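Colleague: As a plain string of letters, each chain reads:
Number of protein chains: 2
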Amino acid sequence: MMGIKTIGWVGLGAMGAPMALAAAEAGFDVTAFDLSADQMASVAPAVAGAASAREAAQGKDLVGIMVATGPQLDAVLFGEGGIAEVLSPDTVVMVMATVGPDAIEKTKERLDHVTTHLVDAPVSGGVLRARKGDLLMMVSGAPEDTDLARPVLDALASSAPVVGDVPGDGQRFKVVNQLLCGVHIAVAGEALALADSMGLDVNQVYEVLGAGAAASFMFGDRGRRMVDGDHDEARSALDIFVKDMGIVTQTARGVTQEAPLAAAAEQIYLRGRRQGLGRKDDSVVFRLLLGDMD
Amino acid sequence: MMGIKTIGWVGLGAMGAPMALAAAEAGFDVTAFDLSADQMASVAPAVAGAASAREAAQGKDLVGIMVATGPQLDAVLFGEGGIAEVLSPDTVVMVMATVGPDAIEKTKERLDHVTTHLVDAPVSGGVLRARKGDLLMMVSGAPEDTDLARPVLDALASSAPVVGDVPGDGQRFKVVNQLLCGVHIAVAGEALALADSMGLDVNQVYEVLGAGAAASFMFGDRGRRMVDGDHDEARSALDIFVKDMGIVTQTARGVTQEAPLAAAAEQIYLRGRRQGLGRKDDSVVFRLLLGDMD
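Same order as they appear, the protein sequences are chains F and V. According to full-length UniProt numbering, the first sequence is numbered sequentially starting from 1. According to full-length UniProt numbering, the second sequence is numbered sequentially starting from 1.
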């Protein structure tokens with residue numbers, strides 16, 4: 001192969017859509033499919049629309065998959081109308097979804113008879129950074145494959161280090177990342193809820209403590225939304241952490257590693273979904289812990 | 001009173017000693033007492049030594065107390081040889097220890113018949129920042145008292161906002177601060193332990209994730225020591241968080257606020273002390289969670 005020129009893209013959600021646009025703007029010929037026609041319209045005409053995932057993938061140099069869950073990844077590749085059947089032995093398949101190391105390793109096994117070129121590249125960073133091609137991507141795969149994917153990675157990310165030479169290592173990094181992020185968001189909510197319950201001015205707490213040793217990226221980012229009561233429009237839905245903390249605790253279990261804080265945070269996110277807050281911004285954990293969801 | 005010129009200082013521990021030095025260097029006449037003669041020698045001659053807490057406090061404009069625990073604060077003020085008996089109605093008493101809001105409110109009650117000028121000013125920031133007068137202090141008390149203490153606060157801290165007009169509010173801010181710091185240290189250990197258990201290069205995990213959405217001050221600071229295995233010389237002893245997470249969960253209980261992450265972190269610190277790690281650096285939680293304490 002002379003290098004990646006054409007990209008088939010599956011999944012135009014909150015992150016997938018701006019990422020596909022960033023790839024198109026970097027000069028790649030991107031053809032995308034999403035179950036939502038609205039989402040396909042939102043990236044036209046820079047990104048061409050396809051009638052099916054299979055049509056989007058067929059004959060492309062690289063196929064990028066940005067779905068939400070492991071079962072969705074499975075369905076896209078191997079389900080009814082799945083794209084595995086139309087891939088060539090040269091196609092690079094790049095999975096950018098957070099599905100956990102186990103799901104990627106199973107995908108690698110099942111995909112090997114079609115193409116061996118699987119790149120594992122989950123992302124971190126929000127929608128705004130996705131649109132600017134400014135994500136962090138944690139990349140693993142065979143060196144020839146990550147080298148081939150490099151120009152695409154550079155279009156999507158400002159930092160895309162190779163963190164391992166087998167698919168799965170990228171997901172392992174992402175698991176550690178989500179453990180930290182999920183706990184940091186939950187503890188920001190817990191800390192501000194305690195401040196409020198003690199009668200403190202949560203705005204001042206946010207300002208004073210966010211500048212010191214208690215600082216975290218998430219306390220700065222989500223803490224602002226908590227203090228402002230700004231969680232109806234989800235910039236990052238609570239449901240994502242229901243899924244991701246599940247992957248974290250399951251992965252930790254698989255290597256017999258206790259993870260008491262991740263486990264405690266997972267319970268908070270599960271409670272939030274149970275109370276109907278799954279589509280709210282994850283900063284809603286503040287009000288959830290405060291017991292103030294009227 | 002014309003303003004604070006003389007300071008009686010009680011408590012020259014890891015934080016108290018550099019703080020007393022910073023006050024002396026700012027031009028205050030500081031006389032200090034500590035149970036350890038070595039600690040008194042370490043700040044001489046800039047800080048004068050006294051034969052007892054009572055001698056240090058007698059006749060001073062302000063008495064600064066930087067002990068480790070609530071019971072120690074009680075003993076210094078009201079125990080045998082306690083300083084309350086030698087204070088005048090004009091003396092400003094400034095408590096910089098982290099003892100929790102309940103302990104400060106009880107102190108205020110008991111001290112009122114001697115002096116009403118109690119300033120609650122717990123600190124955040126490590127030894128190095130203490131030495132440079134660069135701490136964060138969370139200050140509360142009657143406005144006339146915090147105004148009087150202001151030149152001393154400015155000598156010790158680069159930021160010392162007034163966060164409430166009654167003693168106890170400073171401690172409430174500090175409780176929220178410690179909740180965040182204690183959980184952030186524990187989750188840094190948990191995340192790096194999981195990374196290690198999955199066979200990842202923890203150094204690369206530290207570098208890649210510490211630059212993104214997973215960042216926290218504590219992941220940057222303690223994570224470095226965890227990755228380096230640098231926890232034998234305690235820069236911040238695990239015992240401090242045994243005490244402080246106890247104050248956090250007790251305070252949360254007092255306002256009927258659940259705090260599941262603080263509670264989970266407290267168990268980790270308690271386990272560390274039980275295993276004989278109380279005097280180690282708190283970054284030892286990494287190896288504790290890894291189960292690798294040989």
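Hint data in this document are derived by calculation from the structure and do not stem from the laboratory. Treat the hints with caution; some may be incorrect.
The list treats identical chains as interchangeable, and a pair is accepted whether it falls inside one copy or across any two copies.
[As the list claims (entries may be wrong)] 25 Å max Cα-Cα, derived SDA-like pairs, lysine to any residue:
hint, residue 1, residue 2
1, Lys-243, Ala-263
2, Lys-106, Ala-237
3, Lys-106, Phe-217
4, Lys-106, Ser-158
5, Lys-243, Gly-212
6, Lys-108, Gly-199
7, Lys-132, Gly-212
8, Lys-5, Ser-88
Owing to the predicted nature of the structure, the values given are computational and were not obtained by experimental measurement.
Colleague: Would you mind marking each hint as holding or not holding in the structure?
Modeller: Right, here's what the structure says about each hint:
1. Lys-243 x Ala-263: Classified as both; 13 Å inside a copy, 23 Å across copies.
2. Lys-106 x Ala-237: Neither: 27 Å inside a chain and 44 Å across chains, both beyond 25 Å.
3. Lys-106 x Phe-217: For Lys-106 and Phe-217, neither the intra-copy (33 Å) nor the inter-copy (37 Å) Cα distance is at most 25 Å.
4. Lys-106 x Ser-158: neither (29 Å within a copy, 54 Å between copies)
5. Lys-243 x Gly-212: between (31 Å within a copy, 20 Å between copies)
6. Lys-108 x Gly-199: Between copies only: 19 Å across chains, 54 Å inside a chain, cut-off 25 Å.
7. Lys-132 x Gly-212: between (30 Å within a copy, 16 Å between copies)
8. Lys-5 x Ser-88: within (15 Å within a copy, 82 Å between copies)
In summary, the numbered hints that this structure violates are 2, 3 and 4.
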